Amino acid sequence: MRKATGFAGMVVALGLTAAAPGALASQSRLDSAWQFLARGRYGDAEDAFRREMERGSREAARGLVLTLREVGRYPEAASVARRAELWLLLGRVLLDQGRTDQADSAFRQALNQGRADSLQAELQLAVLELERGNHAVAMGLFDRFVDFYNRGLARTSEDLAAVAAAARFLGRSDPQLFKDALRVYDEAIAADSGNTAAWLELGEMFLEKFNGTDARATFEALLRRNPRQPGALYGLARVARFEGSREAEGLVRRSLEVNPNLARARALLAEILLDRGSLDDARVEAGRALSVNPREVDALAVLGAVLLFSGDETGLEALERQVTALYPRDARFYARLAEIAARSRRYDRAVALASKGVQLDPQAWRAYAVLGINQLRLGQMAEGRANLERAFAGDPYDPWTKNTLDLLDVLDRYSVRDAGRFRLAADSSEAELLYLYLADLAIEAYDSLRARYGADLPVPVRVELYSRHADFSVRTVGLVGLGALGASFGPVIAMDGPSARPAGEFHWASTFWHELAHSFHLRLSEYRVPRWFTEGLAVYEERRARPGWGANVTPDFLLAFKEGRLRRVGELDRGFVEPEYPEQVLHSYYQASLICELLAAKHGPEVFRRMLGGFRAGKSTEVVLREVAGTDLAGLQREFEQYVRTRFGLALSSISAGGGADRPARSPAEAIAVAASRPGDFLAQLAAGKVLWDRGEKGRAEGYLLRARELFPQYGGKDSPYWYLARLYRERGELERAASELGRLTELDASHYEAWLELAAIKETLGDLRGAISALEQALYVYPFEAHVHVKLAELAARAGDWGRAIRERRAVVALGPTDMAEAEYQLARAYFEAGEVEAARRAVLRALERAPSFREAQELLLAIRAARREDGSG
Amino acid sequence: MRGAAVACGLVLAAAAPCAGQTHLVIVSGLGGDPQYTEAFYQWGAALADAASKLGVPDTNIFFLAENPERDRRIAGAPTREEVARVLSRLEGKVQGQRSALWIVLIGHGSDRGEPRLSLPGPDLSARELGQMLERFSGARVAVINTASASGGFLPVLSRSGRVVVTATRSGFEQNQTLFPKFFSEAFSGTGADLDKDGRISLLEAFVYARESVRRYYEADQRLLTEHAMLDDDGDGAGTDQPSESEGDGVLAARMFLDAGVLPEAMVADAELAALLARKDSLEARIAELRSVRGAMAQGEYEKRLEELLVELALVDRAIRERGGRDR
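So the sequence lines, in the order shown, correspond to chains A and B.
Going by our numbering, 454 is the number at position 454 of the first sequence; the sequence numbering is gapless.
If you want our numbering, it's the 1-based position in the second sequence plus 875.
Quick caveat, the hints were computed from the structure, so don't treat them as lab data.
Nothing here was measured: the structure is a model prediction, and the numbers come from that model.
Note that CB positions come from ideal geometry on N, CA and C, so glycine has one too.
Misleading hints may appear alongside valid ones.
Partial list, derived from the structure: chain B residues whose beta carbon lies under 7 angstroms from chain A [stated by the list, open to error]:
1) Gly-930
2) Lys-1071
3) Gln-1096
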């Protein structure tokens, strides 16, 4: 990592030589003007430069052009530059407006004049050749800068920056040259730390090479000198985007306050708005950017995305033709558009767009990366890997590419197996175990969702279960650190396997169901389903699958509802991507699921298919709601609020902030006092119950816990009253009551692993074999890696004569690789034998005896198997 | 766990019991903290109890631990001098292949250039222990250092005819180990008899403890901080995956705490002796078949394996019917 150097000694070099007193005064005024510009006092700078220009100072004209350019007054800047015959500057201002032909003429004029800035003009001409698609010509021109540098012809900071820029372009073919570019940028900045353009280009290069840390340091160094520098504010906004920070919008808006015509910043704002789902606003902002500079690639890409997301294929085709005319061999538009498309889960379009990009420019490494990543998301594993390899060879700095290639190496070691319409991939060390449960679950989920949506998914659906969360994160976003549990790309589902997280932390089976539901939503909407709707519907589908699956209501959700902190229905998408408080993402999932419940209750579950169809047609949520549900966003908001009040009436009235119940009590006495003073407060009652429980005063705790349960019966969290009461009743020997509490708890929260185990034990004691079996089955959907649970389930199944289940559980024990494998294989053989699967029993007992030839019980079983085979003539 | 060559198992055709005397020295080192002092004592005591139950005479068990007054089984304080004294006493008692010496070290280890076990007073270094063991050069000796940072003991103590087990693979693994807990448990519990022959070999105890440690860490969602190693081919390079059939593990598979002695009546019964001889022969053929498994078709292998296993099952049944025990 590099650190940007500071601005120490930043004094604009103005070539002060011995001069007359009048000249010295003039120079002093110019110095002040440059200082104004350097510190972002643009009005003062303009006035000062204008006054000196009127006195005939060409330097003042240059300063004025730079000032006007920095605040986006391009026509005025061009006019001044033209009058003062500042051709290089004129060319740059014209480029800001996308007027490349005129810029070309200006740069040639600068070159012909043979002035000190001719090297920079030559660079600009080379860049224009590149944009025209004359790659060989452009590269030849860039190559000359290496000679200039080696012959010592690049002496000024500006010339050195031009050499660095040339090296950066040459890096397309040789990524090592980026290091040279970095070095020469350093030299340029060392020669003149006030060379703002060099700083900005350096920051851009860091961003281009995915180095957010140094990019941030570079832009921040500029902003310490001039907090209003629009290019640096824009650069920092991009860094913030890169880092996933919410600062981006504020920064880019600050940039546009200084320079409302900074087309790139305008395009970035448009993209931010687009990601928020505000298509109309994004279109307006992109239009503004293009009205300043019709060639602004990022703005064109955003406009393309707006057309794509609104289903305007004709408009998109026209735009593509327009872009190709502007940039005949440039992939940037397609790479950017593909990236945006992928962020909105239009993976198939991302692949198609990125493919066009690499056809236009075979050295478009970013386009190859986007192409490869999205091919992988569609399950095109070989093609995806090949394109990522190409991308990495051309640009080894892209961590997304590097991480994903590393991930593919991990995936090579995964075991892959087909089950029905599914292709299941899991870590070889646990695949055998997971397949025992996942295969049946996947088929059940598919059949259920197929019936619901009346559609099939393309086969095979690839399901990847990662044993390391970091691998899942890379698979999903290219980097580690993703908080999610699963992701659906449509034909590919990637998710944390149960070993990726501590036992009981998540319900892997319901997560799978959730992701498969997404695959149907993506399919039916042709990837146009809004985030809030597909998330809400997927949680709703979880809840339909089994009691206790899917997110459930929590006190903090109800509090957020009461305090108006939940996102309104119309902006619920933002609750997922731009949470206003940490819990808002989880609240948004639950909120969206309630909206789906409400829609289903009012219009029947078939409403969902109709809504997905509306989204497929490119209609907005507002339009879809009006057409399908006969309401609008405001109406749905009202209905949602009423629904929550009706459904959680008592609980809502029992939840409140303040009064001491929403924070840990300082002492048991305080908790009890608060509970006594607030008998209708759920949190106060629960806190008192818990504190007494922790002190061992369980009998006293019961009253508070019962009151808490009565106030908020829908609460099934890890610390719900049901959990405490169940254990209390069990300790008292009141097993029926304990089972009842646990039954209600697990109906609310099926991810409560301990509750399932407890319930199974109680059910067994009560002689409810089926109930015990059912509870353990559900426990395995939370955490399937505890051998003793499988052994218990196998024993219960055997007692119930359920040999199929017993066999599965004994296979699970073997799959867990126990130390005593001979015993595990013997027990499996017994289960097979009891089930009448004699040949399978024979093989299993041979495996047991192979390890332990003198294993008496296994020997006897072998002899019994042999006798049985003789009897039926197979042995 | 079976030894491939079945050196001292049950090749007992009317011969005198070949089991020799096992001597067990347990050193529960300096705890430094009541919690560790107690744990080291408990693990050592559990192992001493298990050995006793397995038939090791109490006079052959030397348990050195802090606070000797707390338990009459404790023979003395776990000092370097006491260790030297005990080993000196055993000179002459442990010799030849028919007797064995097990030294189990429990506690905190360190390795700042020289691997050591922390004891009250001067620590015991691997080099010093090696010197103390020189007097047992002809005997079967197993050193099981279950302490943290114990990995450095292995190359220092390794030599032909000696089993060296360490709880860690190097001196860098300095966290308190769980290996001793599970190593003791292997002899006192029920899960370590992996080949179901009724005996726990040193190799089985090692595998049991290693796997138990691994599962413990996995269940706790923690990274494994101890990697047990075993060396018994004298090359000074241990392995975490020893095998009963080749390389490291062969000798450990043949070392048992229990004596493996058959009742006199069984030894005197000629028919029973013949059955036992047949049993050993079959076991040897099964081992041989397993060793060539890779070169055979699966079906053919299973067929031949089944034939041998069925015959062995019938022989074992006959042994039991004659009032004997198959192990």
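Hints versus structure:
The beta carbon of Gly-930 (chain B) comes no nearer than 19 angstroms to any beta carbon in chain A, farther than 7 angstroms, and the hint placing it at the interface is violated. Using the Cβ-Cβ criterion of 7 angstroms, the hint placing Lys-1071 (chain B) at the interface with chain A is satisfied: the shortest such distance is roughly 4 angstroms. Here the hint on Gln-1096 (chain B) is kept, as its CB sits about 5 angstroms from the closest CB of chain A, short of 7 angstroms.
Of the hints listed earlier, the one the structure fails to meet is number 1.
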